[in-house]
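Required output: the full structure, derived from the provided sequences and hints.
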Amino acid sequence: MITGRIISLISGRNIRRSSTVVGGTGKFDAKKLEIHRSVSKNVPKEIPPFGTVATDHMLEIDFKGGEWQTPMIRAVEDLKIHPLAKVLHYCPVIIEGLKAFRGIDGQIRIFRGDASMSRMLASAKRAALPEFCPTQLEEMIVDLVRVDKEWIPLNEGTALYIRPLMAGLGVTRSKEAKLVVVCSPVGSYLTSGALKLYANPAHSRVAPDSAGAFKMGCNYAPTIALTDEAAAHGCAQSLWLWGEKQLITEAGTSNLFLFWKDKLGELELITPPTQGGLILPGITRDSILTLAREWAEFKVTERFPTMSELMEAAKEGRILEVFCSGTASVVMPCDRIVYKQKPYEDPVEMSVPCQADGESLYKKLHEAITGIQYGKIDRPEWTRIVKESTSSKGKLSKSEFFL
Numbered sequence: 003m004i005t006g007r008i009i010s011l012i013s014g015r016n017i018r019r020s021s022t023v024v025g026g027t028g029k030f031d032a033k034k035l036e037i038h039r040s041v042s043k044n045v046p047k048e049i050p051p052f053g054t055v056a057t058d059h060m061l062e063i064d065f066k067g068g069e070w071q072t073p074m075i076r077a078v079e080d081l082k083i084h085p086l087a088k089v090l091h092y093c094p095v096i097i098e099g100l101k102a103f104r105g106i107d108g109q110i111r112i113f114r115g116d117a118s119m120s121r122m123l124a125s126a127k128r129a130a131l132p133e134f135c136p137t138q139l140e141e142m143i144v145d146l147v148r149v150d151k152e153w154i155p156l157n158e159g160t161a162l163y164i165r166p167l168m169a170g171l172g173v174t175r176s177k178e179a180k181l182v183v184v185c186s187p188v189g190s191y192l193t194s195g196a197l198k199l200y201a202n203p204a205h206s207r208v209a210p211d212s213a214g215a216f217k218m219g220c221n222y223a224p225t226i227a228l229t230d231e232a233a234a235h236g237c238a239q240s241l242w243l244w245g246e247k248q249l250i251t252e253a254g255t256s257n258l259f260l261f262w263k264d265k266l267g268e269l270e271l272i273t274p275p276t277q278g279g280l281i282l283p284g285i286t287r288d289s290i291l292t293l294a295r296e297w298a299e300f301k302v303t304e305r306f307p308t309m310s311e312l313m314e315a316a317k318e319g320r321i322l323e324v325f326c327s328g329t330a331s332v333v334m335p336c337d338r339i340v341y342k343q344k345p346y347e348d349p350v351e352m353s354v355p356c357q358a359d360g361e362s363l364y365k366k367l368h369e370a371i372t373g374i375q376y377g378k379i380d381r382p383e384w385t386r387i388v389k390e391s392t393s394s395k396g397k398l399s400k401s402e403f404f405l
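Here the sequence shown is numbered in the numbering used here, starting from 3 and rising by one per residue.
Below are the DSS-like pairs computed for lysine-lysine, each with C-alpha atoms no more than 27 angstroms apart in a straight line:
1) Lys-378 <-> Lys-366
2) Lys-33 <-> Lys-389
3) Lys-344 <-> Lys-198
4) Lys-317 <-> Lys-265
Hints in this document: simulated from the structure, not taken from any laboratory.
Right, dumping it as structure tokens:
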């Protein structure tokens, strides 16, 4: 079962290291990559709103006739899609998200790209899209970042956001598909400080053992209207609940963590588990769990907390912090929860300790992860250095063209 392998895929332990992969659906090879350089646009002096401005180039690979075609880095442009393409009717589309950073030493680092590629492969399998070799796609993303390196912002707190996506184009099972990777310079995803979350048990993000563990487009579209409902209550995101016990699963598109004292007074960090398919196995989530277990300063538990537990702990003063994690936001604290317990009752608002002005776990985690991303902390197994020149004695390592 695919969902049972997600956490090992994210840790990178099951990545295949072959140069090509054949899974009954074709293969591609990073050595065949063609680079068609375009005339550069002006890199914006100010960081644009999140995900609104693309860099000069994109990576594009078509799948036709059971084979991946020649991979190509070329100028960003609109995609041409037939009106009968499956992606417009049934949403066989998957996405990923990762970042490249300009470190304090001037080097470019991609954070946990191997884990992102493995997760994307798992999503492709679940969506019946063509399979690919994660390591080969990662190599081509490195080339794309190298080509558009001038777009990587220099200041801490900024990055180059990398968005891979794959869409099924055929009118039946995806015998044709398009894989595209685009990049965008970004600053902070959320700039308004601590989050205010809206919990309404009438709405759930996904059902157990569905597609909730995968980054599929069909998981995101239904949440847009509910995010609008959260905004109507003054909240930035929804706090997703599930079932009669109102299990806390995720917050918006982020994983959720609860740091509290249990009923015995012991410090404990809780986050919902990946088993069962109710949550996305976040790569930042996995990083947080790894660091917390290495620090060994408190219990680390993977289970579903409930809203009743959260409310009881809040009344008893046992909650220390609630925070969310994700590629875009890294770690973001929550300071208030609006809870609509029943349809015919007004929602109640509870305050959550944030410790924004003093020492806090979310700050410690944020500093540790961003420290690795910007090269302040050495963790080579989590970062990929992008060498800014691949030439040897003046010879290019890829087929490169200048337009």
